[in-house]
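Q: Build out the structure end to end from the sequences listed, making use of the hints.
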Amino acid sequence: MEEIIRVENLTHTYGAGTPFCRSAVEHMDVSVYHGELLGLIGHTGSGKSTLIQHLNGLLKPTEGRVLLDGKDIWEEPKKIRDVRFRVGLVFQYPEYQLFEDTVYKDIAFGPKNMGLSGDELDRRIRDAARFAGLDEGLLEKSPFALSGGQKRRVAIAGVIAMEPEVLVLDEPSAGLDPRGREELLEHIRAYHEERGNTVVLVSHSMEEIARYADRIVVLAHGKALMSGTPREVFARGQELVRAGLDVPQTTRIAMELQKRGLPIDPAVYTVEELARSLLALKKGGAR
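Residues in the sequence shown are numbered consecutively from 3, following my numbering.
Because the hints were derived from the structure by calculation, they are not lab data.
In this text the structure is predicted, and so the values were computed from the model without any measurement.
No false leads were mixed into what you were given.
Here are the simulated distance ranges between beta carbons:
{"no.": "1", "residue 1": "Tyr35", "residue 2": "Glu122", "range": "26 to 32 Å"}
{"no.": "2", "residue 1": "Ala282", "residue 2": "Asp137", "range": "43 to 49 Å"}
{"no.": "3", "residue 1": "Gln260", "residue 2": "Asp137", "range": "44 to 50 Å"}
Every residue, glycine too, gets a C-beta built ideally from N, C-alpha and C.
A: Below, the structure is given as structure tokens:
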């Protein structure tokens with residue numbers, strides 16, 4: 003697959019030259035490929051938020067560089083605004099950034115800053131609302147009259163409306179109830195499948211990442227610990243646990259069963275896979 007973003011030897015140091023100096027990411031290499039849904043996972047303090055703020059130039063590397071389609075995004079600092087249109091970042095709890103008096107105007111804010119107007123602007127707003135799971139009847143309502151989950155969708159739609167080549171979502175389901183989490187993530191998956199754009203999904207939930215990601219990058223202590231398909235990553239379950247990271251419940255069960263002597267693949271990560279493995283074991287025992 004072809005890279006759309008390459009992070010090379012990235013280090014970001016906060017408070018350089020002060021007693022509080024610390025590096026949030028250190029000599030990190032990460033690739034993001036065209037059209038993939040990449041899951042980025044790690045515990046608090048692993049460097050996830052610092053990394054993604056480099057992807058569209060909100061932070062500038064202390065060392066290293068970020069390449070977008072092979073070009074260093076800081077090669078021409080005056081054009082960094084263009085990078086931010088191409089790589090759209092949705093922060094955690096983005097609903098706190100809503101400020102317009104209607105949902106329509108809030109979604110329009112980003113595309114208007116790109117110079118769009120008229121029919122094209124209207125199309126983007128309505129397409130983005132659909133991708134985010136917002137009913138058109140809500141477009142003329144005040145965003146402050148909506149539920150928390152609906153506000154979250156408005157904020158996400160505002161970034162989708164800019165039609166970025168890469169959509170980066172920082173913990174998009176944080177704070178939502180289980181049903182709201184599932185609905186939102188299904189809309190993100192549908193957006194990815196229909197548009198074919200690159201999506202980077204940041205989460206602390208291995209269950210979410212296992213279910214939705216094509217590939218996973220695991221961060222720990224400011225470094226990229228491992229990368230691979232969900233199956234490749236969860237095959238290293240013991241290593242993840244030693245690094246203080248969780249694994250999906252199904253993987254944990256498979257690891258425990260293997261520890262007790264059952265010939266079961268510890269890399270299973272869905273309930274369906276675990277059920278098939280157990281059924282195969284039962285049939286094998288019956289023979």
